[in-house]
Amino acid sequence: MRRILVRKNTEQIFLGLGLWIFAFLSSSLMGKEVPKSLISMKIRELHKKIRNMEDQLALRITQKKILSLQDIQRFQESMKRIEL
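The number in this note's numbering is simply the position in the sequence shown, starting from 1, with 6 added.
Check before you lean on any hint, since a few could be wrong.
As the list claims (entries may be wrong) - Lysine-lysine pairs mimicking PhoX-like chemistry, simulated, CA-CA at most 25 Å apart:
(1) K55 with K70
(2) K54 with K42
(3) K42 with K55
(4) K71 with K86
Stated by the list, open to error - Just the calculated beta-carbon pair ranges, DEER-fashion:
(5) L31 with L75: 47 to 53 Å
(6) L25 with I78: 44 to 50 Å
(7) E51 with K71: 28 to 34 Å
No lab work stands behind these hints, which were simulated from the structure alone. Glycine included, each C-beta is placed from N, C-alpha and C at the ideal position.
All chains, full assembly: derive it from the sequences and hints.
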């Protein structure tokens, strides 16, 4: 489920990037120039968003693994109590 959400968000980010590139190209054809600094700024913003999403996903996976390890330890402790 989370992978689907991340993929969907990534697709939206790249769609946004594509729209910016399209706006740049169409404005260039019409004789108006979009500053390259503005486009590079938008690309950096989109790249930051992607990295943040990847970091959040990695954090969630790590937290899930920690919880799984804690569950295993609790189970082992309860099994030891039962054996005693």
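Do the hints match the structure? See the list:
no.: 1; hint: K55 with K70; result: 22 Å, holds
no.: 2; hint: K54 with K42; result: 18 Å, holds
no.: 3; hint: K42 with K55; result: 20 Å, holds
no.: 4; hint: K71 with K86; result: 23 Å, holds
no.: 5; hint: L31 with L75: 47 to 53 Å; result: 51 Å, holds
no.: 6; hint: L25 with I78: 44 to 50 Å; result: 47 Å, holds
no.: 7; hint: E51 with K71: 28 to 34 Å; result: 31 Å, holds
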